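2 protein chains.
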Amino acid sequence: MTVDKLESGLNAVFSPRSVAIVGASSTFGKWGQLIISNIIAGHFQGKVFPVNPKDELICGLPVYRRILDIPEPVDLVFITTPASTVPGILEECGEKGVKGVVLITSGFSETDEAGKELERDIVNICQEKGLTLIGPNTMGIICPDVNFFATGAHTRPEKGSVAFVSQSGNLGLQLIHWAEQQGIGVSVFVGSGNEAMFTCTDYLEYLENDTCTKIIVLYLESVAEGSHFLEVARRINRKKPLIVLKGGRTEAGRMAAASHTGSMSGEDSIFRAVCRQCGLLDVNVPSELLDLSAGFSSLPLPKGKRVGIVTLGGGWGVVTADECNQRGLEVPDIPEGIVKTIGKYLPPFWSKGNPVDLVGTRDLDVPIVAVEELLKWDGIDAVISLGIVGRMELVRLLTESTRKVDNSISSEFLDQIEALSQQYEKMYTTRMVELMETYEKPVIGVSLTRTEQGTVRPVPGSPYSGVFYQTPENAVNVLSRMVEYRRFIDEQGLK
Amino acid sequence: MTVDKLESGLNAVFSPRSVAIVGASSTFGKWGQLIISNIIAGHFQGKVFPVNPKDELICGLPVYRRILDIPEPVDLVFITTPASTVPGILEECGEKGVKGVVLITSGFSETDEAGKELERDIVNICQEKGLTLIGPNTMGIICPDVNFFATGAHTRPEKGSVAFVSQSGNLGLQLIHWAEQQGIGVSVFVGSGNEAMFTCTDYLEYLENDTCTKIIVLYLESVAEGSHFLEVARRINRKKPLIVLKGGRTEAGRMAAASHTGSMSGEDSIFRAVCRQCGLLDVNVPSELLDLSAGFSSLPLPKGKRVGIVTLGGGWGVVTADECNQRGLEVPDIPEGIVKTIGKYLPPFWSKGNPVDLVGTRDLDVPIVAVEELLKWDGIDAVISLGIVGRMELVRLLTESTRKVDNSISSEFLDQIEALSQQYEKMYTTRMVELMETYEKPVIGVSLTRTEQGTVRPVPGSPYSGVFYQTPENAVNVLSRMVEYRRFIDEQGLK
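Chains P and W supply the protein sequences, listed in that same order.
For what it's worth, this note's numbering labels the leading residue of the first sequence as 1, then goes sequentially.
For what it's worth, this note's numbering labels the leading residue of the second sequence as 1, then goes sequentially.
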């Protein structure tokens, strides 16, 4: 397929003006109910047409018997009815002038020989009728930029720059759920299903030119044409970091993958070695896909591997320095000038080195001064800031018990303390983002606690966002991968 | 110090009947306010006596000018006043017949020569007066069994079987906060501070005979007498698993530790190698301390390394199998009989192997049947169950949007769905715990989502608890460490 055709086909799928759902339902939990209620609850701006043979109204919308009964144009059709009904529906779609079809229905090539044949048949129909086909056996698609959430899981991440392509629907949707919880902005999600018409490589080529997408996340179990995939991936990775999890990297995983997607994944160790040669960011577990997405989509790339650490308590500085060393990052000593400047704010027994241990200070300026002093110095490429954002949680616990036990401390005063610490965290986040813009070096936060806000905290008007991981190991891992990617880009002479 | 004396001294500290706080305060955020409000808000059952020279009432309690003014016996005294005031207060404590002192105050051996001398002086006073001294420079202690929470951070975990000893107060308290969030029950927490009188090794010896404590977590930066520590640790680890994080395991970490606790940590690689020889569970990052605590305190030890995996979706089965292989666990194929039994509940195209992929079933019985079938078989030592507990979160998202968009589905019906899925997760947890009792094999859950409930979910009356990690890699890591510990115990001929 030419890239032009691919692009116009998939554009219609990801930005439809009108959508029909064949098999739409008001029976709670059926696929036809999951999809239509998600599209409507997500505030899709286009038109929505439920299609089924019995009902009059679904979600308050008139129901059509067949696609051909819909009196207006339809860009995209979801099908959730049994496999045997699909060829007929596709014929109607063709007649109606539909552009794309998302085929949720399973029971095709993932089952048996008859299923394989049926899958070949429907691809033929789609090609004949000029229909772009996603799936079959897909969990759906998401495009937050146009408020289009059309999957079985009702999770709706913010719009953003990270595209997700997943060969496992179940795993892919959980990734999207995590993206929502962590505040990671999404440009597109697609569950590629059986890949009857489009492979992961095709989606990659589409995303290469998608202006919303800056980072691409892939969950793969098998790649049909490995060398073509790698050629495309290598090219795209130079412009848009490609974060890849290959399921089936061990014998046990390969066996599981074979029974899951039905195709052998081949020589995995070779595949992964080549991935690394191409500079792809291959990871071991799904949670890393999200961690890397947060960092790469929100922070400037570090120019080198020298890290400054700012901490409220010594122990966290120690374990963070350990993690940095373990992952090939350096924690250089800092010059006398910086020690003097930061020292003005601290008691005489402070650490006087890197990590900068603020010994539990309650001074609100020194955490910011310390980060800026480190960023200013050309011996540092990135800063990790521990425990400043996140401290609010401990303050809240303290005000809560103080309210209970000491009525000599006024409730208004405690309200004020809570409000101030909330404001401070917001202000601190904004300052970190401003500092990143000024010095073009990443500042990675570690909250040390589970907070209600996500990992990523956008600051309006800035290309960067505050990023606060829960643990130092997450922050250090992401930073080390950003250093690795930057080195790859530099070696390629691309920046 | 003899073990008897150690025991009686520390018993008085961890189970006091009455407590005085010298430096008690109503000034929000001062140490004297943090400690007393925490003790009272935590519902300590003993008597509490604030001591300071100015106030009349603190937290509604009468304030005494000096320790000697308190008209009743005092078991334990917290001191938060400046270092220079401490010797005098200790003299008074001696006169009063106080048993233990928790010295929060800093400014001793962690600062300079004068501080070191002052610390020697106060140890002398304590020894002369028969006072048990914790600290100085400690963040306090916790003993949930008697509702005694006396630290600066107002976090109050449930009572349980895990003891925490930390050379870093800041890091230690965050661990306790995580323990609370994750539902891990705590027997004792102590921040060992400068260890003027008791070292970590002493605390270990105390915990050896503490009947509440079954698991011990240590955060170390330096060990004064390494060989004595290892001898004690080796002995105790055979009875109570000892989970250790040694800060300063790299050059950068060592430098940071030197400036934090003031003492060099010596040849770390040798120390760690010996730890492993002793079968200690050494970990790399603080979050692992919690993960292992949850598993070791809640699950039976696996007899071997063969894992059954039950999943709602294929992708998660694949990545979990990969992680198992990666960490030295096996995912054996399952016999025809089990395939048949489970197959009765599933469509014909299910995986028919291990991982058992339940292909998104909504049948409420089959997840339990699958786990039990695997446990019954003597080819399996442990089961990992993915996505069953945790699914409620996705159900809740679905009911929420259905309520908004489809008024043909009644609100009562949706309430019922939510209640049922909540009940099911509770029932499932109870069943898993019953199965663990029946088969004496661990079942480790993975929720795949951030849930409001913690990692550990106790089931009243059972020695075991449900354990649900957020990601498969956490579950697999813990399982692999349990296999390792069990092997060590077996090799020692201890079980």
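Bear in mind the hints are in silico, worked out from the structure with no lab data behind them.
Here the structure is a predicted model, which means the values were calculated and not measured.
Among the clues, some could well be false.
Some, not all, of what chain P presents toward chain W, calculated at C-beta under 8 Å [said to hold, decoys possible]:
| no. | residue |
| --- | --- |
| 1 | 28 |
| 2 | 41 |
| 3 | 312 |
| 4 | 353 |
| 5 | 450 |
| 6 | 451 |
| 7 | 454 |
Residues of chain P clear of chain W, computed beta-carbon distances all greater than 12 Å [to be verified]:
| no. | residue |
| --- | --- |
| 8 | 15 |
| 9 | 57 |
| 10 | 58 |
| 11 | 61 |
| 12 | 128 |
| 13 | 129 |
| 14 | 153 |
| 15 | 224 |
| 16 | 252 |
| 17 | 303 |
| 18 | 307 |
| 19 | 491 |
All C-beta atoms, glycine included, are put in the ideal place defined by N, C-alpha and C.
How the hints compare with the structure:
1. 28: For residue 28/P, the interface hint holds, since the closest Cβ of chain W sits about 6 Å away, which is under 8 Å.
2. 41: holds (3 Å)
3. 312: holds (7 Å)
4. 353: Holds - the Cβ of residue 353/P comes within 8 Å of chain W, reaching about 6 Å at its closest.
5. 450: holds (6 Å)
6. 451: violated (11 Å)
7. 454: Status violated, d = 10 Å.
8. 15: holds (22 Å)
9. 57: violated (7 Å)
10. 58: violated (7 Å)
11. 61: violated (10 Å)
12. 128: For residue 128/P, whose nearest Cβ neighbour in chain W is about 28 Å away, the distance exceeds 12 Å, so it holds.
13. 129: holds (28 Å)
14. 153: Given that some Cβ of chain W is not farther than 12 Å from that of residue 153/P, nearest at about 6 Å, it is violated.
15. 224: The claim stands: residue 224/P keeps its Cβ more than 12 Å from every Cβ of chain W (closest is about 18 Å).
16. 252: Violated, since 4 Å does not exceed 12 Å.
17. 303: Residue 303/P clear of chain W: closest Cβ-Cβ about 19 Å, beyond 12 Å.
18. 307: Incorrect as stated: the minimum Cβ-Cβ distance to chain W is 9 Å, not above 12 Å.
19. 491: At roughly 26 Å from the nearest Cβ of chain W, residue 491/P sits farther out than 12 Å, so the non-interface label holds.
Going through the hint list in order, the structure does not satisfy hints 6, 7, 9, 10, 11, 14, 16 and 18.
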